[in-house]
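Take these sequences, add in the hints, and give me the full structure.
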Amino acid sequence: MTPFRIGHGFDVHKFGPGDHVILGGVTIPYESGLIAHSDGDVVLHALTDALLGAAALGDIGKHFPDTEEEFAGADSRMLMKHAYGSVVNLGWKVGNVDVTIMAQAPKMRPYIDEMRAHIAEDLGVDIEGVNVKATTTEKLGFVGRKEGIAVEAVALLYKADV
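So the sequence shown is numbered by the numbering used here: it starts at 2 and just counts up by one.
It is possible that some hints are incorrect.
No more than 35 Å apart at the CA atoms, straight line, and that leaves these computed lysine-lysine pairs for DSBU-like [said to hold, decoys possible]: (1) K147 with K108; (2) K82 with K147; (3) K63 with K82; (4) K94 with K160; (5) K140 with K63; (6) K134 with K82; (7) K134 with K147; (8) K15 with K134; (9) K15 with K82; (10) K108 with K82; (11) K94 with K15; (12) K160 with K82.
In case anyone wonders, no lab produced these hints; they're calculated from the structure.
Below is the structure:
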(Lines of atoms letter the chains of each structure in order from A and count residues from 1; the text may use other names and numbers.)
(Lines give C-alpha, C1' and ligand atoms only; values in the text may rest on other atoms or scores of the structure.)
Protein backbone atom coordinates (compact mmCIF):
# COMPACT_ATOMS: atom_id res chain seq x y z
CA MET A 1 0.00 0.00 0.00
CA THR A 2 1.29 3.44 -0.86
CA PRO A 3 1.80 5.87 2.01
CA PHE A 4 -0.12 8.62 0.17
CA ARG A 5 -3.57 8.92 -1.33
CA ILE A 6 -5.30 11.67 -3.28
CA GLY A 7 -9.05 12.24 -3.29
CA HIS A 8 -11.12 14.51 -5.49
CA GLY A 9 -14.52 15.94 -4.63
CA PHE A 10 -17.06 17.92 -6.61
CA ASP A 11 -20.42 19.37 -5.63
CA VAL A 12 -22.98 21.82 -6.95
CA HIS A 13 -25.92 23.53 -5.28
CA LYS A 14 -28.59 25.63 -6.89
CA PHE A 15 -29.60 29.04 -5.55
CA GLY A 16 -33.06 29.33 -4.00
CA PRO A 17 -34.89 31.27 -1.33
CA GLY A 18 -32.79 32.74 1.47
CA ASP A 19 -30.63 35.66 2.48
CA HIS A 20 -27.25 33.97 2.94
CA VAL A 21 -25.05 31.08 1.90
CA ILE A 22 -22.75 29.00 4.10
CA LEU A 23 -19.40 28.22 2.51
CA GLY A 24 -16.45 26.67 4.30
CA GLY A 25 -18.38 27.09 7.55
CA VAL A 26 -18.74 30.86 7.00
CA THR A 27 -22.12 32.56 6.75
CA ILE A 28 -22.06 35.00 3.83
CA PRO A 29 -24.90 37.48 3.32
CA TYR A 30 -26.43 37.15 -0.15
CA GLU A 31 -29.70 37.70 -1.98
CA SER A 32 -30.32 33.92 -2.16
CA GLY A 33 -29.60 30.75 -0.26
CA LEU A 34 -28.48 27.35 -1.55
CA ILE A 35 -31.02 24.56 -1.92
CA ALA A 36 -29.89 21.46 -0.03
CA HIS A 37 -30.99 18.82 2.45
CA SER A 38 -28.30 19.95 4.92
CA ASP A 39 -27.05 23.52 5.42
CA GLY A 40 -25.92 23.56 1.78
CA ASP A 41 -22.22 24.18 2.42
CA VAL A 42 -21.06 23.14 -1.03
CA VAL A 43 -17.40 23.78 -0.07
CA LEU A 44 -17.46 21.30 2.78
CA HIS A 45 -19.52 18.80 0.77
CA ALA A 46 -16.89 18.71 -1.98
CA LEU A 47 -14.09 18.53 0.58
CA THR A 48 -15.83 15.73 2.48
CA ASP A 49 -16.10 13.77 -0.77
CA ALA A 50 -12.38 14.32 -1.42
CA LEU A 51 -11.48 13.05 2.05
CA LEU A 52 -13.74 10.01 1.80
CA GLY A 53 -12.58 9.28 -1.74
CA ALA A 54 -8.91 9.33 -0.80
CA ALA A 55 -9.59 6.75 1.90
CA ALA A 56 -11.79 4.65 -0.45
CA LEU A 57 -14.80 5.19 1.81
CA GLY A 58 -17.32 6.17 -0.84
CA ASP A 59 -18.95 9.58 -0.86
CA ILE A 60 -20.94 11.96 1.30
CA GLY A 61 -24.26 10.54 0.08
CA LYS A 62 -23.30 7.07 1.31
CA HIS A 63 -22.52 8.33 4.80
CA PHE A 64 -25.17 11.06 5.11
CA PRO A 65 -28.04 10.23 2.72
CA ASP A 66 -30.38 13.07 1.81
CA THR A 67 -33.23 10.61 2.35
CA GLU A 68 -32.52 10.53 6.09
CA GLU A 69 -34.42 13.09 8.14
CA GLU A 70 -31.67 13.22 10.78
CA PHE A 71 -29.47 15.07 8.27
CA ALA A 72 -32.07 17.71 7.35
CA GLY A 73 -30.47 21.10 7.95
CA ALA A 74 -27.32 19.41 9.28
CA ASP A 75 -24.20 21.47 9.98
CA SER A 76 -21.74 20.47 7.25
CA ARG A 77 -18.80 21.14 9.55
CA MET A 78 -20.07 18.37 11.82
CA LEU A 79 -20.60 16.07 8.83
CA MET A 80 -17.06 16.68 7.57
CA LYS A 81 -15.56 16.14 11.03
CA HIS A 82 -17.48 12.88 11.39
CA ALA A 83 -16.34 11.70 7.93
CA TYR A 84 -12.75 12.70 8.69
CA GLY A 85 -12.96 10.68 11.90
CA SER A 86 -13.65 7.61 9.75
CA VAL A 87 -10.61 8.46 7.62
CA VAL A 88 -8.40 8.85 10.71
CA ASN A 89 -9.70 5.54 12.10
CA LEU A 90 -8.15 3.86 9.05
CA GLY A 91 -4.78 5.42 9.90
CA TRP A 92 -4.85 8.33 7.42
CA LYS A 93 -4.24 12.01 8.09
CA VAL A 94 -4.52 15.11 5.93
CA GLY A 95 -1.32 16.39 4.36
CA ASN A 96 -3.05 19.25 2.59
CA VAL A 97 -6.32 20.20 0.91
CA ASP A 98 -7.04 22.52 -2.00
CA VAL A 99 -10.51 23.90 -2.80
CA THR A 100 -11.73 25.85 -5.83
CA ILE A 101 -15.05 27.68 -5.56
CA MET A 102 -16.72 28.55 -8.88
CA ALA A 103 -19.24 31.34 -8.35
CA GLN A 104 -20.21 34.49 -10.18
CA ALA A 105 -21.57 35.81 -6.89
CA PRO A 106 -21.29 36.45 -4.02
CA LYS A 107 -17.71 37.70 -3.92
CA MET A 108 -15.57 35.28 -1.91
CA ARG A 109 -12.35 37.19 -1.25
CA PRO A 110 -13.47 38.74 2.08
CA TYR A 111 -14.34 35.29 3.47
CA ILE A 112 -11.56 33.01 2.26
CA ASP A 113 -9.23 33.41 5.25
CA GLU A 114 -12.06 32.51 7.63
CA MET A 115 -12.97 29.48 5.51
CA ARG A 116 -9.35 28.31 5.63
CA ALA A 117 -9.28 28.75 9.40
CA HIS A 118 -12.48 26.72 9.89
CA ILE A 119 -11.28 23.90 7.67
CA ALA A 120 -7.84 23.80 9.32
CA GLU A 121 -9.45 23.71 12.76
CA ASP A 122 -11.92 20.98 11.80
CA LEU A 123 -9.22 18.79 10.24
CA GLY A 124 -6.61 19.49 12.91
CA VAL A 125 -4.01 20.78 10.45
CA ASP A 126 -1.98 23.96 10.15
CA ILE A 127 -3.64 26.66 8.07
CA GLU A 128 -0.73 26.39 5.62
CA GLY A 129 -2.13 22.98 4.69
CA VAL A 130 -5.46 24.47 3.57
CA ASN A 131 -5.92 26.43 0.37
CA VAL A 132 -9.22 27.94 -0.75
CA LYS A 133 -9.54 29.97 -3.92
CA ALA A 134 -12.43 31.30 -5.96
CA THR A 135 -13.05 32.01 -9.60
CA THR A 136 -15.91 33.01 -11.84
CA THR A 137 -16.85 31.36 -15.11
CA GLU A 138 -16.76 34.69 -16.97
CA LYS A 139 -20.58 34.70 -16.96
CA LEU A 140 -20.72 31.35 -18.79
CA GLY A 141 -22.99 28.43 -17.87
CA PHE A 142 -25.20 28.02 -14.82
CA VAL A 143 -22.53 29.51 -12.55
CA GLY A 144 -22.16 32.54 -14.80
CA ARG A 145 -25.93 33.01 -14.87
CA LYS A 146 -25.88 33.04 -11.04
CA GLU A 147 -28.01 29.89 -10.83
CA GLY A 148 -25.72 28.12 -8.38
CA ILE A 149 -22.25 27.46 -7.03
CA ALA A 150 -19.87 24.63 -7.96
CA VAL A 151 -16.84 23.51 -5.96
CA GLU A 152 -13.94 21.14 -6.61
CA ALA A 153 -11.70 19.90 -3.82
CA VAL A 154 -8.57 17.77 -3.63
CA ALA A 155 -7.21 16.14 -0.48
CA LEU A 156 -3.82 14.52 0.04
CA LEU A 157 -3.75 11.93 2.81
CA TYR A 158 -0.72 10.24 4.28
CA LYS A 159 -0.48 7.10 6.38
CA ALA A 160 -0.14 8.28 9.98
CA ASP A 161 2.30 5.52 10.97
CA VAL A 162 4.79 6.34 8.18
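Status of the hints after comparison with the structure:
| no. | hint | verdict |
| --- | --- | --- |
| 1 | K147 with K108 | holds, 12 Å |
| 2 | K82 with K147 | holds, 30 Å |
| 3 | K63 with K82 | holds, 15 Å |
| 4 | K94 with K160 | holds, 6 Å |
| 5 | K140 with K63 | holds, 33 Å |
| 6 | K134 with K82 | holds, 21 Å |
| 7 | K134 with K147 | holds, 18 Å |
| 8 | K15 with K134 | holds, 20 Å |
| 9 | K15 with K82 | holds, 24 Å |
| 10 | K108 with K82 | holds, 26 Å |
| 11 | K94 with K15 | holds, 32 Å |
| 12 | K160 with K82 | holds, 18 Å |
In this structure, every one of the numbered hints holds.
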